[in-house]
Amino acid sequence: MNLDDLPIRDDLRGRSPYGAPQIDVPILLNTNENPYPPSPALVDDLAEEVRASAGGLNRYPDRDALALRADLAGYLGHGLVREQVWAANGSNEILQQILQAFGSYGRSALGFEPSYSMHPIITTGTSTEWISGAREGDFSLDPAKTVAAVEEHRPDIVFLTSPNNPTGTALPMETITRVLEAAKGMVVVDEAYAEFAREGTPSALTLLPQHPRLIVTRTMSKAFAMAGTRLGYLAAHPAVIDALLLVRLPYHLSTLTQAAARVALRHRAELLGAVDTLRRERDDTVAWLRAKGLDVADSDANFVLFGRFPDRRAVWEGLLERGVLIREVGPPEWLRVSIGTGEEMAAFRAAMEGVL
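Each residue of the sequence shown is one higher than the one before, starting from 674 at the first, in our numbering.
Warning: the hint list may mix true and false statements.
[Said to hold, decoys possible] Calculated cross-link-like contacts (lysine to any residue; reagent style SDA-like; alpha-carbon spacing at most 25 Å): (1) Lys818 to Arg808; (2) Lys857 to Arg827; (3) Lys818 to Asp973; (4) Lys857 to Glu872; (5) Lys857 to His910; (6) Lys965 to Leu1029; (7) Lys857 to Met791; (8) Lys857 to Arg780; (9) Lys857 to Gly873; (10) Lys857 to Ser777; (11) Lys965 to Ser813; (12) Lys818 to Ser781; (13) Lys818 to Glu786; (14) Lys818 to Asp971; (15) Lys818 to Lys857; (16) Lys818 to Arg851; (17) Lys857 to Thr879; (18) Lys857 to Ser813; (19) Lys818 to Thr848; (20) Lys857 to Leu917; (21) Lys857 to Leu919; (22) Lys818 to Pro1004; (23) Lys965 to Pro1004; (24) Lys857 to Glu954; (25) Lys965 to Leu919; (26) Lys857 to Tyr789; (27) Lys857 to Glu756; (28) Lys857 to Tyr778; (29) Lys965 to Pro983.
[Claimed, not checked] Estimated spans, in silico, between C-beta atoms of each pair: (30) Gly728 to Arg939: 49 to 55 Å; (31) Glu847 to Tyr924: 38 to 44 Å; (32) Gly1015 to Lys965: 14 to 20 Å; (33) Arg963 to Leu679: 44 to 50 Å; (34) Asn731 to Leu679: 34 to 40 Å; (35) Gly996 to Val723: 32 to 38 Å; (36) Arg939 to Pro1005: 41 to 47 Å; (37) Glu943 to Gly750: 14 to 20 Å.
Simulated from the structure, these hints should not be mistaken for lab results. C-beta atoms are modelled at their ideal positions from N, C-alpha and C, and glycine is treated no differently.
Given these sequences and hints, build the entire structure.
Right, here's the structure in full:
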């Protein structure tokens, strides 16, 4: 028996699961992770927290993650309180809960592609119609065209990404504000890479007091270098949190996950200390690729989209043969490289020289 023999939903037939290639090579630059591991001091602190929690693992975790949500609100600032923050197993579970609460049969979600590929995947998985809007040639969003798409389709959920994955481009506040004014439903601003944005780039968090249907999502997988923890979170009006409680699974966030996330927040100065270094590496990578005559999208994230290649698969394979794994994602002629350590980016440049 194979998948085709099973009575799965018709709208899932022929689809492929999400997944970046997991290949064992020396230089891994394909999943936008922070390349700098936690320090021994953080690891020791985490071990102590796990030890302290282990004696109570026969009991369920704090169902509402109250202490963690208070810590997250303190980190985000902007006057946020615990009741305005929610957490789950990675930002993907956050997105799934949003779609479970505000999507489903007869409802729709609008996003502007190329963008995060899990938005349409989770949308379809929750039996919500996915509507794909277009970006400009430089991957930006034209405010007037974006609003026109919202007014035409009247979606129940609008997905905006800032900075956008896989292009790295950040959204002006004007665009987000105009969408909020036009949308009849919820507006989700995915800020998974917000910490990497250039200095002075505002966050959609500033818009929360005026817009109760706005949701801003974040993650600890990127700038916080805690991808293995699986902790995503959001900020929104308390009523939005009440809606998500209706669909969340009981005790969805384990005791150990909550403990690890709280330790990371206590060590945030250390964990976020690499952000400036990664920004410089990103900007240097953009300049180097452009000097090679390649097209490169402006990036406010910890990755760079570059092209254009008539046969991007050949370039991807050429880098892989030289021990460097990047991501074949986004528009057909483009590739995306995550920003690694200085040594890893030197290896990427050397491999690119060989391929070019």
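Satisfaction of hint between Tyr778 and Lys857, Cα-Cα up to 25 Å: holds (17 Å)
Taking only the CA atoms, is the gap from Lys857 to Glu872 under or equal to 25 Å? violated (32 Å)
Holds or violated: are the alpha carbons of Lys965 and Leu919 at most 25 Å from each other? violated (53 Å)
Hey, Lys818 versus Ser781, does the alpha-carbon distance stay inside 25 Å? holds (19 Å)
Can the restraint linking Lys857 and Met791 be considered satisfied, given a maximum Cα separation of 25 Å? This hinted pair holds, its Cα atoms lying about 23 Å apart.
For Lys857 and Leu919, compute the direct alpha-carbon distance and say whether it is at most 25 Å. holds (21 Å)
Taking 49 to 55 Å as the stated bounds, is the beta-carbon spacing between Gly728 and Arg939 within them? violated (21 Å)
Within a Cα-Cα threshold of 25 Å, do Lys818 and Asp971 meet the stated pairing? holds (21 Å)
Hey, Lys857 versus Tyr789, does the alpha-carbon distance stay inside 25 Å? At roughly 23 Å apart (the allowed maximum being 25 Å), Tyr789 and Lys857 satisfy the hint.
Taking 14 to 20 Å as the hint, is the beta-carbon distance of Glu943 and Gly750 inside that range? holds (19 Å)
Would the hint linking Lys857 and His910 be met if the CA-CA limit is 25 Å? holds (16 Å)
Lys857 paired with Ser813 [C-alpha distance capped at 25 Å]: holds (23 Å)
Checked against the numbered hints above, the structure violates hints 4, 9, 24, 25 and 30; every other hint is satisfied.
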